[in-house]
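Trainee: These are the residues of each chain, in order.
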Amino acid sequence: MSEWLENHLPKVVLAPSFIAVLIFVYGFIGWTAWVSLTRSKLLPKYEIKGFIQYERLFDSPRWDTAINNLYIFGALFIVIAMVLGLLLAILLDQKIRVEGAIRTIYLYPMALSMIVTGTAWKWILNPGLGIESMVQGWGFTNFKFDWLVNPDYAIYTIVMAAIWQSSGFVMALFLAGLRSVDGEIIKAAQVDGIPTWRIYTAIIIPSMAPIFLSAFIVLAHLAIKSFDLVIALTGGGPGYATDLPATYMYAMAFSRGDIGQAASSAMIMMLVVFAIVVPYLYSELRAKND
Amino acid sequence: MKRFVFATASTLAVVAGTSVLAEPQAEVLHWWTSGGEAKSVAVLQEEFASNGGTWTDMPVAGGGGDAAMTALRARVLAGNAPTAVQLKGPAIQEWYEEGVLADISSVAEAEGWADVLPASIAGHMMCEGTWCAAPVNVHRVDWIWANADVLAANGIEMPTTWDEFNAAATKLMDAGVIPLAHGGQSWQDATVFEAVVLGIGGPEFYQKALVDLDPEALTSDTMVQVFDQMRMMRGYVDENFSGRDWNLATAMVMNGEAAFQIMGDWAKGEFLAAGKKPGEDFLCASTPGDGYLYNVDSFAMFNVDGDDKKAGQDLLAKLIVAPNFQKVFNLNKGSIPARTDVALDDFDICANLSAEDMGSTSAAGSLLPSYAHGMALRGSQSGAITDVVTAHFNSEMSSADAVQQLADAVANSY
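Heads up: the protein sequence lines correspond to chains D and Z, in order.
In this text, residue positions in the first sequence follow our numbering: the first is 4, and each later residue adds one.
In this text, residue positions in the second sequence follow our numbering: the first is 703, and each later residue adds one.
Bound-form chain D, shown alone (with noise of 0.2 angstroms):
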């Protein structure tokens, strides 16, 4: 008896936590998938009716606009964050003073909601508020910084206020990846005479690149899934031009009354993130086979 428990309590202990995910993520992943290609409107219906939803979904140019939202605002914040992220990880690498302090500050941040960044980078890029009525007010009357307002450029404060808030994270992530890197690799490469930025290219980045890929799908999940950010900053305006697929799913199933067509969306939004993780996971578990 004792041995059957031993051989088999870690199942046992871990029973309900699979049974949990098993239907609440897969079971509500396929009934998604099933309503998706349905006609449901305000309550669900189960009578399949093809792929009209998806049809629906790629003829509408609010869809559209908001996957082009997505690529734009994905590829820069990703880009942008972990480039800027790495920037302050090596400055702040030079054993600098107070550097907990400075960490923290950067760091801040990430501890803010994202609706608190989305209000706060509202006011601050509201054109008749924020930036551009202050440099006017100091005299440059011509000055124009109307990004908030203006459906070409909105979508970059967006880019802009998840910067802000999530590239220091990706600093502290560099950090730790900076620190781990062997100190007698350095050590020697500073008694050959290699200069400084040729032992960060040539040595310590390439020894980072888990730490990359940890960033990059961070990331990369929180720009898919973003939606309190679009919302506090510009409501998915000037029109819909701010609009992400979140946003889209949101509109369709809860103001809207088409869940059919919120559900297709979602199960698109389900496939770009399989895109970028399974390729991840399979390269992870390929790894520890070997």
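Take the hints with a grain of salt, since some may be wrong.
With a cut-off of at most 30 angstroms between alpha-carbon atoms, the simulated DSSO-like pairs for lysine-lysine come out as follows [claimed, not checked]:
| id | chain 1 | residue 1 | chain 2 | residue 2 |
| --- | --- | --- | --- | --- |
| 1 | Z | 873 | D | 147 |
| 2 | D | 228 | D | 52 |
| 3 | D | 44 | D | 228 |
| 4 | D | 44 | Z | 1011 |
| 5 | Z | 1029 | Z | 978 |
| 6 | D | 125 | D | 147 |
| 7 | Z | 910 | D | 44 |
| 8 | D | 98 | D | 190 |
| 9 | D | 48 | Z | 1011 |
| 10 | Z | 979 | Z | 741 |
| 11 | Z | 1011 | Z | 1029 |
| 12 | Z | 978 | Z | 873 |
For the record, the hints were derived by calculation from the structure and aren't laboratory data.
Note that the structure is predicted; figures quoted are calculated from it, not measured.
Mind docking chain Z on chain D? Use the hints.
Mentor: Chain Z in isolation, oriented as in the chain D frame:
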């Protein structure tokens, strides 16, 4: 007092008719949670209690009713619907088609609702010939509000055609006043749009384009003109309008920064709360053109089990449409009573104008549902139109492109 006794007695009669012992119970889902609105609901609550009923309040705030609708969906799917739910327009019929609404025809017929409600508004309360909802109020949407001093200082009269409005706006811009106070939120864009459709196209065109969704009307030259006017309107708005809330736009009219605002009569509440007097400090008029766009709040009655709940439902329906509640509630909320036989002596001149126009447009057949406030179309259709309207308003899109997109979006929304 006499009236109260009578009301109580007749209520008892209704209650006795349905069940002998059951005490009326009602669980009411609504999203009237802000100051004036909460006060208005409290009136109904008190009346319900004084008629021997037990009221279970279920306020769900947030998202202009989105949160409440989510709660309702969950309750209906769980087979435990609330007694009455704040619903309006075609959403009532949508829920009826899901087979969850109750029939309150017995109350409606006993109270003679058909005689006191305008026909087009009564139409929203009926589901395939039976009464399934009770109207609370009528908001007029096609109002234009103006700062009286600003107009006087610039020698401008309240415009009665869109050409006059454009001329007035040009004059105001030259004088350095923002002609139109507006908030760049899609529903506000839609509110202006429907006023322009009604004004330029007339009531018949409005009916065809935004109620029947006739593709010919949607792609017609008239619709191109409507979008041309919308492009002009964009020029009359200050550059800082994106995302502004409607009440901030109202404040701009109040303090003379801007001259006009096109907004439903909830804007009046803002003026009154700031101590402004209608006719003196601010002016109200219908937007240029004929017709009347209404936004009617109502309570839909859901299927419930148990005599006590059914009795509560009947009592609630009766009280909502009764003259006393209609009057007190609407005085608090700034709208006008849905029934036409309530004396309006205590109401201000804007409300009286609204009631007068409701009577005359009802007779002329130009009393029309507001599309921007979910009275004319179902969510997915009105949403599709709003997407195009707001995209056009916030970009350089040409009117011809907008009309084409409008037709495509409507066709794609079913």
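Trainee: Given the proposed pairing of residue 978 of chain Z with residue 873 of chain Z, does the C-alpha separation stay at or below 30 angstroms?
Mentor: 25 angstroms, holds
Trainee: Against the 30 angstroms threshold, does the CA-CA distance of residue 98 of chain D and residue 190 of chain D hold or violate the hint?
Mentor: 15 angstroms, holds
Trainee: For the pair we were handed, residue 48 of chain D and residue 1011 of chain Z, check the Cα-Cα distance against 30 angstroms.
Mentor: The hint holds at about 28 angstroms.
Trainee: For the pair we were handed, residue 910 of chain Z and residue 44 of chain D, check the Cα-Cα distance against 30 angstroms.
Mentor: Distance of about 24 angstroms is within 30 angstroms: holds.
Trainee: Taking 30 angstroms as the top limit, are the C-alpha atoms of residue 44 of chain D and residue 1011 of chain Z close enough?
Mentor: Given pair residue 44 of chain D, residue 1011 of chain Z holds - Cα atoms ~29 angstroms apart, limit 30 angstroms.
Trainee: Run the distance test for residue 125 of chain D versus residue 147 of chain D: straight-line Cα separation, threshold 30 angstroms.
Mentor: OK: residue 125 of chain D and residue 147 of chain D at ~16 angstroms, within 30 angstroms.
Trainee: If you draw a straight line from the CA of residue 873 of chain Z to the CA of residue 147 of chain D, is it 30 angstroms or shorter?
Mentor: 26 angstroms, holds
Trainee: Checking one constraint from the list: CA of residue 44 of chain D to CA of residue 228 of chain D, max 30 angstroms. Satisfied?
Mentor: At roughly 24 angstroms apart (the allowed maximum being 30 angstroms), residue 228 of chain D and residue 44 of chain D satisfy the hint.
Trainee: Between residue 979 of chain Z and residue 741 of chain Z, does the CA-CA distance stay at or below 30 angstroms?
Mentor: Holds: residue 979 of chain Z and residue 741 of chain Z sit about 22 angstroms apart, inside 30 angstroms.
Trainee: Run the distance test for residue 228 of chain D versus residue 52 of chain D: straight-line Cα separation, threshold 30 angstroms.
Mentor: 28 angstroms, holds
Trainee: Keeping to a limit of 30 angstroms between CA atoms, is the pair of residue 1029 of chain Z and residue 978 of chain Z held or broken?
Mentor: Judged against 30 angstroms, a Cα distance of about 22 angstroms means the pair holds.
Trainee: Is the Cα-Cα distance between residue 1011 of chain Z and residue 1029 of chain Z 30 angstroms or less?
Mentor: Between residue 1011 of chain Z and residue 1029 of chain Z the Cα gap is close to 26 angstroms, so the pair holds against 30 angstroms.
Going through the hint list in order, the structure satisfies each hint without exception.
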